[in-house]
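Peer 1: Sequence:
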Amino acid sequence: MYYAFGALFVLGLLRENATAAASVILILAIGDSLATYIGMNYGKNRLPWNNRKTLEGSIGFAIGAMCVLLVLPLSATLVAILEAVVVESLPRLDDNITVPVVSSLVYYLLL
-18 MYYAFGALFV LGLLRENATA AASVILILAI GDSLATYIGM NYGKNRLPWN NRKTLEGSIG
42 FAIGAMCVLL VLPLSATLVA ILEAVVVESL PRLDDNITVP VVSSLVYYLL L
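With the numbering used here, the residue at position 16 of the sequence shown is -3, and numbering never jumps.
Since the hints were derived computationally from the structure, they do not count as laboratory data. Any given hint might turn out to be false.
As the list claims (entries may be wrong) - Beta-carbon label-pair distances, calculated as ranges:
#: 1; residue 1: Met47; residue 2: Asn26; range: 17 to 23 Å
#: 2; residue 1: Arg(-4); residue 2: Asn32; range: 34 to 40 Å
#: 3; residue 1: Asn31; residue 2: Val60; range: 32 to 38 Å
#: 4; residue 1: Glu64; residue 2: Phe(-14); range: 26 to 32 Å
#: 5; residue 1: Pro29; residue 2: Arg(-4); range: 16 to 22 Å
#: 6; residue 1: Asn32; residue 2: Ser56; range: 18 to 24 Å
#: 7; residue 1: Phe(-10); residue 2: Asn26; range: 29 to 35 Å
#: 8; residue 1: Phe(-14); residue 2: Asn31; range: 20 to 26 Å
#: 9; residue 1: Ala3; residue 2: Arg27; range: 18 to 24 Å
#: 10; residue 1: Arg33; residue 2: Leu63; range: 20 to 26 Å
#: 11; residue 1: Arg73; residue 2: Gly(-7); range: 19 to 25 Å
#: 12; residue 1: Leu51; residue 2: Leu(-11); range: 37 to 43 Å
Nothing here was measured: the structure is a model prediction, and the numbers come from that model. Built from N, CA and C at the ideal position, the CB exists for glycine as well.
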């Protein structure tokens, strides 16, 4: 449900820029999936600010999200990926909401 709300936020905010909207959704889809897989299977080093997440999972998120550079190769994409890695690691709200909201705002402000 959170993923759907996050995607709807992206589509609403970035309705004028379909490529940026697709990029945010891909950052979440690929990055979060890879973070979960790598974190659960290979994660050994817990993050100091969130012991439910691992360094290996965060690196997996970053690598997965970097695929978005093939869709939208801009410096704004690098900023969106970096902030997504940070936001995804925080022990706050569900990252399926926070990552698309913050990434969308980055694109909205930078593009």
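Peer 1: Now look at each hint and say whether the structure bears it out.
Peer 2: Hint-by-hint comparison with the structure:
no., hint, verdict
1, Met47 to Asn26: 17 to 23 Å, "holds (20 Å)"
2, Arg(-4) to Asn32: 34 to 40 Å, "holds (38 Å)"
3, Asn31 to Val60: 32 to 38 Å, "violated (22 Å)"
4, Glu64 to Phe(-14): 26 to 32 Å, "violated (19 Å)"
5, Pro29 to Arg(-4): 16 to 22 Å, "violated (39 Å)"
6, Asn32 to Ser56: 18 to 24 Å, "violated (33 Å)"
7, Phe(-10) to Asn26: 29 to 35 Å, "holds (32 Å)"
8, Phe(-14) to Asn31: 20 to 26 Å, "holds (22 Å)"
9, Ala3 to Arg27: 18 to 24 Å, "violated (33 Å)"
10, Arg33 to Leu63: 20 to 26 Å, "holds (21 Å)"
11, Arg73 to Gly(-7): 19 to 25 Å, "holds (22 Å)"
12, Leu51 to Leu(-11): 37 to 43 Å, "violated (25 Å)"
Consistency with the previously given hints fails for numbers 3, 4, 5, 6, 9, 12, ordered from lowest to highest.
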